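Undergrad: Chain by chain, the residues run as shown.
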Amino acid sequence: MALLSVIAPTVSVSRDERGTHVEIPAGVNTDEPIVISYDVADTALVAQTFVTAGEGARATIVERLTGNADLEIAVTTTVTAAARADITYTVLQNVGGAVRIDAKRISHVGAEARVGWNVALLGGASVTDQVISDHTGEGANSEIAALFFPVAREVVQLTTEVQHNVPHTTSQTVVRSIAAGRGRGRYFGNIRIMPHAHGSEASLRDDTLLIGKDAKIDAIPALEIAANDVKAFHGATVGAIDEEHIFYLMSRGIERDAAEKLIALGFFEPAVSRFPGEALRAELRTLLEEKLAGARR
Amino acid sequence: MGVSKRGLVISGLRAAVDSKEILKGIDLTVEPGKVHALMGPNGSGKSTLAFAMSGHPNYEVLGGSVSLDGTDLLGLSPDKRARAGLFLSFQYPAAIPGVSVANFIRTARMAVKPDDLPPAKFRAMIYEKLEVLDMDAAFLSRYVNDGFSGGEKKRLEMLQLAILAPKYAVLDETDSGLDVDALQSVGKSIEAMRATDDGKDTGFLIITHYPRILRHVPADVVHIMMDGRIVKTGGPDLAERVEREGYDTIREEVAGGVA
Numbered sequence: 005m006a007l008l009s010v011i012a013p014t015v016s017v018s019r020d021e022r023g024t025h026v027e028i029p030a031g032v033n034t035d036e037p038i039v040i041s042y043d044v045a046d047t048a049l050v051a052q053t054f055v056t057a058g059e060g061a062r063a064t065i066v067e068r069l070t071g072n073a074d075l076e077i078a079v080t081t082t083v084t085a086a087a088r089a090d091i092t093y094t095v096l097q098n099v100g101g102a103v104r105i106d107a108k109r110i111s112h113v114g115a116e117a118r119v120g121w122n123v124a125l126l127g128g129a130s131v132t133d134q135v136i137s138d139h140t141g142e143g144a145n146s147e148i149a150a151l152f153f154p155v156a157r158e159v160v161q162l163t164t165e166v167q168h169n170v171p172h173t174t175s176q177t178v179v180r181s182i183a184a185g186r187g188r189g190r191y192f193g194n195i196r197i198m199p200h201a202h203g204s205e206a207s208l209r210d211d212t213l214l215i216g217k218d219a220k221i222d223a224i225p226a227l228e229i230a231a232n233d234v235k236a237f238h239g240a241t242v243g244a245i246d247e248e249h250i251f252y253l254m255s256r257g258i259e260r261d262a263a264e265k266l267i268a269l270g271f272f273e274p275a276v277s278r279f280p281g282e283a284l285r286a287e288l289r290t291l292l293e294e295k296l297a298g299a300r301r
Numbered sequence: 333m334g335v336s337k338r339g340l341v342i343s344g345l346r347a348a349v350d351s352k353e354i355l356k357g358i359d360l361t362v363e364p365g366k367v368h369a370l371m372g373p374n375g376s377g378k379s380t381l382a383f384a385m386s387g388h389p390n391y392e393v394l395g396g397s398v399s400l401d402g403t404d405l406l407g408l409s410p411d412k413r414a415r416a417g418l419f420l421s422f423q424y425p426a427a428i429p430g431v432s433v434a435n436f437i438r439t440a441r442m443a444v445k446p447d448d449l450p451p452a453k454f455r456a457m458i459y460e461k462l463e464v465l466d467m468d469a470a471f472l473s474r475y476v477n478d479g480f481s482g483g484e485k486k487r488l489e490m491l492q493l494a495i496l497a498p499k500y501a502v503l504d505e506t507d508s509g510l511d512v513d514a515l516q517s518v519g520k521s522i523e524a525m526r527a528t529d530d531g532k533d534t535g536f537l538i539i540t541h542y543p544r545i546l547r548h549v550p551a552d553v554v555h556i557m558m559d560g561r562i563v564k565t566g567g568p569d570l571a572e573r574v575e576r577e578g579y580d581t582i583r584e585e586v587a588g589g590v591a
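Protein chains in written order, with this note's numbering: chain A, 5 to 301; chain B, 333 to 591.
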């Protein structure tokens, strides 16, 4: 047994009938992202992922959802981060136009631990995605960056919720959404600071751009603050592309369509720039660009 | 269109904003390679002229024409006017968050001058222009005008001018709000551009309140605009007179002439 303790513990990824299990033992740091891919056509209507990170563990997980089938898929993700763990969980959802998705994701963030959620919802006929981060230890930190982009007749509903249950925890939530065509969206942004969670800081920023008169996104923020001595910030905008911005770009020879495209892609950038790794960011930008090109009326 | 005439030719231009007539018949021709200054008190219609020529949607042209080396501009969308060779340096350029300066300038250059310059040459060109403007290369990865100081915005306008090398450039109060050093960089950049093959034939219409930018970029012709009309045209000394006397004596002289 003495010999075994010399061998460095490593990350394990396994699959069973319940789903995919990722275990990152205490103290283990992985630089390479752990990629979990689900093709909706191959899943038995559910895609479940469980991530358990020991004390001080650090890892980046990338969940890819692709494929197309006339199905409704249930997705669940559970991330449990022990004290001082640092887990980044990225979702790149790019399923085909027939798929309906109901996703529920939750993280339990221990003392001085950090969980970063990066969620990009790019496909599906009807998508509901819920991201909840529950702070269980003092000094816990959650960072949520999310974007969604309903076009044609797609419907997307995103909920983010951070629960500050203990003192001195922090959270930053950034959400960017664009609707084009007859795309519909709804965003619920919830921050809850519980009575004993003094010294906590939370910020929530959500911005929405509507392209065309038939596009619609409702953003409904809810800040529930029951503790004293906390800082909470919320900012939001919703609107169409500013004609002055279009004119400025056009005055440089750029055609109207190309100007709109530049502005729309730039609009997503504050969320995109929080995704881990240049390769992933480049991929995401390309997907957004393709979707934008297809969204033209 | 008849015989094409080289120059940015504005004739009888009338334009309105919110149904109010601001430009009441402007006649002005900027020849290739020449520098014209357009001066006048606030509210005389100088910026309206710049926006009307560029095709801003809020500016309604009521009559007259603007042609660029024989191409009628007024029927064209703003991007086509730019591709025909017109450039407007904005007094208050828009901030475009999320779009990097490098991406913006590359996209604009490819729109205005397609199929030239491989990436490496383009990069070398940008670095050279940045240096003339005393700008750091880090500037390129910032978002267009987002959080820029007044001086940085004007420098970015000048960087675009240098990169796009238009046939005609209208500079709308590029000098306003600049400190001495920034003004010198702007002047240097314009003169550097005029010294290149790309820029030696560029005609300028410099809209300004003050003659100080004209010490860096000397004007061949100076126009004074009042109440939507050009009331006086002269040589560089006219700008000096404005600085000495203000617009009042010119206003009286013009009124006297009419009476």
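A hint or two may mislead.
[To be verified] Chain B is faced by these chain A residues, among others (derived, beta-carbon under 7 Å):
(1) Phe-192
(2) Ile-224
(3) Ile-258
[Stated by the list, open to error] A short list of chain A residues far from chain B (calculated; beta carbon distances all over 12 Å):
(4) Val-15
(5) Ala-156
(6) Asp-211
(7) His-249
(8) Ala-263
(9) Ala-275
The hints are simulated quantities; they were obtained by calculation from the structure and are not laboratory data.
What you are looking at is a predicted structure, and each value in this text was computed from that prediction instead of being measured.
The beta carbon of each residue, even a glycine, is placed where N, CA and C say it ideally should be.
Undergrad: Hint by hint, note whether the structure agrees.
TA: Hints, verified against the model:
For Phe-192(A), the shortest C-beta to C-beta distance to chain B is roughly 24 Å, which exceeds 7 Å, and the interface hint is violated. Nearest Cβ of chain B to the Cβ of Ile-224(A): about 24 Å, over the 7 Å cut. The hint is violated. At its closest, the beta carbon of Ile-258(A) sits 5 Å from a beta carbon of chain B; the interface hint therefore holds under the 7 Å criterion. Residue-level check passed: Val-15(A) sits 34 Å from the nearest beta carbon of chain B, beyond 12 Å.
Every CB of chain B is more than 12 Å from the CB of Ala-156(A) (nearest about 24 Å), matching its label as outside the interface. Separation of Asp-211(A) from chain B is inadequate, the least Cβ-Cβ distance of about 10 Å not exceeding the 12 Å criterion. For His-249(A), the non-interface assignment is contradicted: its Cβ lies about 5 Å from the closest Cβ of chain B, within the 12 Å cut-off. Distance check on Ala-263(A): its Cβ comes as close as 8 Å (rounded) to a Cβ of chain B, failing to clear the 12 Å threshold; non-interface status is violated.
Distance check for Ala-275(A) against chain B: the nearest CB is about 10 Å away, which does not clear 12 Å, and the non-interface claim fails.
Consistency with the previously given hints fails for numbers 1, 2, 6, 7, 8 and 9, ordered from lowest to highest.
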